[in-house]
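*Asks:* Under the numbering used here, the first residue of the sequence shown is numbered 3, with each subsequent residue one higher.
I should point out that these hints are in silico values taken from the structure, not numbers from a laboratory. Since the model is a prediction, treat every value here as computed from it, not as a measurement. From the three backbone atoms N, C-alpha and C, an ideal C-beta is built for every residue, glycine too. Just to be clear, a hint being listed does not mean it is correct.
[Unchecked claim] Pairwise CB distance ranges (calculated):
1) Thr4 / Arg190: 21 to 29 Å
2) Tyr110 / Thr260: 31 to 39 Å
3) Lys66 / Gly320: 48 to 56 Å
4) Ser23 / Gln95: 23 to 31 Å
5) Glu129 / Thr106: 24 to 32 Å
6) Glu126 / Thr106: 22 to 30 Å
7) Gly311 / Asp166: 24 to 32 Å
8) Lys188 / Asp248: 42 to 50 Å
9) Thr92 / Leu245: 52 to 60 Å
10) Glu6 / Lys304: 54 to 62 Å
11) Ala293 / Arg45: 30 to 38 Å
12) Glu126 / Gly320: 28 to 36 Å
[As the list claims (entries may be wrong)] Below, computed lysine to aspartate or glutamate pairings styled on EDC-like, alpha-carbon distance capped at 16 Å:
13) Lys234 / Asp297
14) Lys308 / Glu266
15) Lys209 / Asp166
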Amino acid sequence: MTEELLKELRKITPEEEKLLSGKSEIEKTIYMSSETDIVDADRLLDAGKMIEIRTHTRFVHFPKHMHNYIEVIYMCSGSTRHVINGEDVTLKQGELLFLSQTATQEIYPAGEGDIAVNFIILPEFFEYGLNMMEPEENQLRSFVIDCLRGEKEAAGYLHFKVADVLPVQNLVENLIWTLWHKQPNKRRTNQATMGLLFLQLMNCTDKLATDHKAGLQKLVISVLSYIENHYKDGELTELAGNLHYDVCWLSREIKNRTGKTYTELIQAKRLNQAAYLLSATGLSVAEVSEAVGYDNISYFHKIFQKKYGMTPRRYRLGEKMKN
Numbered sequence: 003m004t005e006e007l008l009k010e011l012r013k014i015t016p017e018e019e020k021l022l023s024g025k026s027e028i029e030k031t032i033y034m035s036s037e038t039d040i041v042d043a044d045r046l047l048d049a050g051k052m053i054e055i056r057t058h059t060r061f062v063h064f065p066k067h068m069h070n071y072i073e074v075i076y077m078c079s080g081s082t083r084h085v086i087n088g089e090d091v092t093l094k095q096g097e098l099l100f101l102s103q104t105a106t107q108e109i110y111p112a113g114e115g116d117i118a119v120n121f122i123i124l125p126e127f128f129e130y131g132l133n134m135m136e137p138e139e140n141q142l143r144s145f146v147i148d149c150l151r152g153e154k155e156a157a158g159y160l161h162f163k164v165a166d167v168l169p170v171q172n173l174v175e176n177l178i179w180t181l182w183h184k185q186p187n188k189r190r191t192n193q194a195t196m197g198l199l200f201l202q203l204m205n206c207t208d209k210l211a212t213d214h215k216a217g218l219q220k221l222v223i224s225v226l227s228y229i230e231n232h233y234k235d236g237e238l239t240e241l242a243g244n245l246h247y248d249v250c251w252l253s254r255e256i257k258n259r260t261g262k263t264y265t266e267l268i269q270a271k272r273l274n275q276a277a278y279l280l281s282a283t284g285l286s287v288a289e290v291s292e293a294v295g296y297d298n299i300s301y302f303h304k305i306f307q308k309k310y311g312m313t314p315r316r317y318r319l320g321e322k323m324k325n
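Please build the complete structure, drawing on both the sequences and the hints.
*Replies:* Have a look at this one:
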């Protein structure tokens, strides 16, 4: 992060001045109503906005609370200690922490050099960016959305230890700079930047930590990420070896956690990609079939027609007519 931006983020806020002058608790009305322990997006977001940032308030203990929005925390310098769903999580410089709307969070006091930026984000903000991960029906995208919203017993948090991943650092700094300086008419740009950030993070599942109780969510993300990148020729045996699991156990767990077999997940990804190539490229049907991993074009025609109700050629003509 540039020193100029970090200097801005280090400034003592009026709220922090009160704490340094002897106030011992957070000013609850800034964050929530007196009746609840839920931090309210309406208190932190201007009307009509889907995303905002604020520096984390230092020098004070934040008692247990939840959020009615998705919170993303980026550690600019130093570190902060959190208790999320009863688990200790230390966020270090350059790391990202995504909190679902069902996560319970407690934060220990941060020192002057512990600079964190909190992103306050409504769930719908993610839709445009996450759609960049796949034209349609992307299983990994859907799973990440479930994690963020806390659906389907998903993880309460996603902790990405990505301080050494330069593209991630650049994208986060770009988001912070744009939002901090309140650049006008940047919503779509910020949404696209978030989409690029997710694309990068999905290549960093080896640097991901989640709830211990939801540890298998990390396994599912790893499986779906592998399929995203190896749908043409990826093998379950290779994946099991990469993850250091018994292949039979992994096969059963994929079915239990996703409701589909590994073969079904691979086929769904291949057909989604085939549909995209038919609509967006000039590749022949045979070339598309080969590009997504099917050497037998007759078999490709059969399963494509079963899913989409039409032949690949008719699907391409239909997409051209739409456009």
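*Asks:* Hint by hint, say whether it matches the structure.
*Replies:* Hint by hint, here is what the structure shows:
1. A hinted range of 21 to 29 Å holds for the C-beta pair Thr4 and Arg190, which are about 24 Å apart.
2. In this structure the hint that Tyr110 and Thr260 lie 31 to 39 Å apart at CB holds, the actual value being about 36 Å.
3. Between Lys66 and Gly320 the CB atoms are about 53 Å apart, so this pair conforms to the stated range of 48 to 56 Å.
4. The supplied range of 23 to 31 Å is met by Ser23 and Gln95, whose beta-carbon atoms lie about 28 Å from each other.
5. Roughly 26 Å separates the CB atoms of Glu129 and Thr106, a value that falls within the hinted 24 to 32 Å.
6. Checked against the hint of 22 to 30 Å, the pair Glu126 and Thr106 passes, with Cβ atoms roughly 23 Å apart.
7. Between Gly311 and Asp166 the beta carbons are some 47 Å apart, a value that contradicts the proposed interval 24 to 32 Å.
8. Between Lys188 and Asp248 the Cβ separation comes to about 48 Å, which falls inside the hinted range of 42 to 50 Å.
9. Here the CB-CB span from Thr92 to Leu245 is close to 25 Å, at odds with the stated 52 to 60 Å.
10. Between Glu6 and Lys304, the C-beta spacing of about 60 Å keeps the proposed range 54 to 62 Å intact.
11. At roughly 50 Å, the beta carbons of Ala293 and Arg45 sit outside the given window of 30 to 38 Å.
12. For the pair Glu126 and Gly320, the beta carbons lie near 29 Å from each other, so the given range of 28 to 36 Å is met.
13. Taking the CA atoms of Lys234 and Asp297, the gap is near 10 Å; set against the 16 Å cutoff, the hint holds.
14. Our distance criterion of 16 Å between C-alpha atoms is met by Lys308 and Glu266, whose separation comes to about 13 Å.
15. In summary, the hint linking Lys209 to Asp166 is supported, as the alpha carbons are separated by about 10 Å, within the 16 Å threshold.
Hint compliance for this structure: hints 7, 9, 11 are not met, and every other hint is.
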